[in-house]
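Sequence lines, in order, name chains A and B. For the first sequence, our numbering gives the first residue as 1, with consecutive numbering after it. For the second sequence, our numbering gives the first residue as 1001, with consecutive numbering after it.
Hints in this document: simulated from the structure, not taken from any laboratory. Ideal Cβ positions, reconstructed from N, Cα and C, are used throughout, including at glycine. Hints may contain errors.
[As the list claims (entries may be wrong)] Selected chain A positions facing chain B (Cβ under 10 Å, derived; list incomplete):
| id | residue |
| --- | --- |
| 1 | Val6 |
| 2 | Leu120 |
| 3 | Gly245 |
| 4 | Arg270 |
In case you want the letters, here they are:
Number of protein chains: 2
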Amino acid sequence: MTDKNVKLVLANRPKGWVQESDFKLVETDCPKPGEGEVLLKTLYLSVDPYMRNRMDDTKSYSAKVEIGQVMVGGTLSEVVESNNPRFQPGDTVASNAGWQKYVVSDGKELRRVDPELIPLTAYLGTAGMPGVTAWVGLFEIAQLKEGENVVVSAASGAVGSVAGQLAKLKGCRVVGIAGGKDKCDYVVQELGFDECIDYKAPDFYANLKKATPNGVDVYFENVGGPILDAVLRQMNPFGRIPVCGLISEYNATEPYGLKNYRVFLTMRLRVQGFIVSEFPQSWPEALDQLSKWVAEGKLKYRETITEGLENAPKAFIGMLKGENFGKQLVKVS
Amino acid sequence: MTDKNVKLVLANRPKGWVQESDFKLVETDCPKPGEGEVLLKTLYLSVDPYMRNRMDDTKSYSAKVEIGQVMVGGTLSEVVESNNPRFQPGDTVASNAGWQKYVVSDGKELRRVDPELIPLTAYLGTAGMPGVTAWVGLFEIAQLKEGENVVVSAASGAVGSVAGQLAKLKGCRVVGIAGGKDKCDYVVQELGFDECIDYKAPDFYANLKKATPNGVDVYFENVGGPILDAVLRQMNPFGRIPVCGLISEYNATEPYGLKNYRVFLTMRLRVQGFIVSEFPQSWPEALDQLSKWVAEGKLKYRETITEGLENAPKAFIGMLKGENFGKQLVKVS
């Protein structure tokens, strides 16, 4: 390989909103695979909300990225050289190469994907980590039952869009929450949610209340803040809140003060944070089923694809601000 | 019976702190037991934080008390007349007669207690509903494991004192939180907690942090507010918070804004509200074991006993303000 490697490393720990200057582009020689190893070229990089946590120097569910380290991230990659009998040059694999063009892997964590079954990029979204996240949150954490009343925030996003559609497939009534009329229209008309409430519109709580006349049994939480406070007022006894994300807090300099937490007691709620990587036993079944449903057209999705690894910071920041529509990806090669 | 009945009924729904004028003393004729019924005379009335919720006109875990209705409450009663073959005059029973001197019962919900085994009043505290509440919170909700790090708020109270002692019996390290030096000394010296932090003293969080060098696996929550925010900062991954009470909110005119709820996600906590009456399957084993441990001196307790039903409002309000020490009871007859 004569091509150079390109990496985006963490330059600063952000205070409040992430800046593009918090990342630094670095060029190095292309790594060489040793015995049993493969060289991967990144085709697509997934940018996801959880990455914001990794940039902070606080104890959290996973190791932070150190200053000067390559940013972590899920990728779709092509095997370009192989010293591993399990892989051939030209194979496409899901991997965790991070924000860089080339990486060497021992092959252990690579998952071969089938470009014939569904579009490649779906393996980073609906049939990938975000889809499995929705699956684990609904079925493992919330123990969703048929016919329940479900609310999903960030409903047009990579995880929320799958969570709502899975709940519909389970026979539930599903109300989404999203920002702006376009996203709300998409959530109802294309994804098939029963309703979708625009949190940016006036009378958000009144609209949410009208859309949940039988209350809320399961709230799939991606955002936190005033939206969480509003949904808490609608919770039914024995409701469950799988806490998948709290994106409104990730860039806040002052935390939001959650007012309606008394409902935890009065409604005997179960509120539980989770991270999908801690449920490895769920991945094989979930990925298999999600891929099939994508292939059958039962799970729909939309993507925003940004061109060029150098634009990954901009794509990431836009995603944190909700500027993307559906799954945010970066086309690297 | 020529004795008159005396009842305390709800006169007003309180705004903020309960006032004595929110209750009204009413005298009526003594009721007469019909076929299969017994007439009970109240010996002791238990006043408990949950009663504050029943005074409000909001949806909650249990039916509200209507204006003019007798206040609800657990009691120890003596059978004074019986048309029921299961009971003899002179029997002592645990019941739910509420804030009144006499009541007629069909006997179905009466639990006979043994005055020889332990002191009668313990059946309203450590070997009664508060004790079972501690049991359910720790073992059913939190799934407490040996050797875990436990924090209990309202540690000298009826529920908290049992929760901490049960956790000690399970081989855990237990830190209490209580108001004032006297209560903290009692919690450590008499109840045997490892440490107890005074939330009224300066440097509360610093002291809590020092007392929980290995973090907190289970936080038995009775109070909410800034104390909950402080303990959240100490939670370990996969920590559990059984939410038994949020007494700081019950009389608040403005809810407290909970700042550290992000920890639900970062530490993958399970936060769950519960009410002990919804765990009927746990009561027989819990009551049996709790009574034995009281008899063996393994569970210690303290009581504040107020004389006279007419003083129940004052006793109740004092309990809500933390003026009592240990289980608050009212001696009625």
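Each hint tested on the structure:
1. Val6: With a minimum Cβ separation of about 31 Å from chain B (threshold 10 Å), the hint on Val6(A) is violated.
2. Leu120: violated, 30 Å
3. Gly245: For Gly245(A), the interface hint holds, since the closest Cβ of chain B sits about 7 Å away, which is under 10 Å.
4. Arg270: holds, 5 Å
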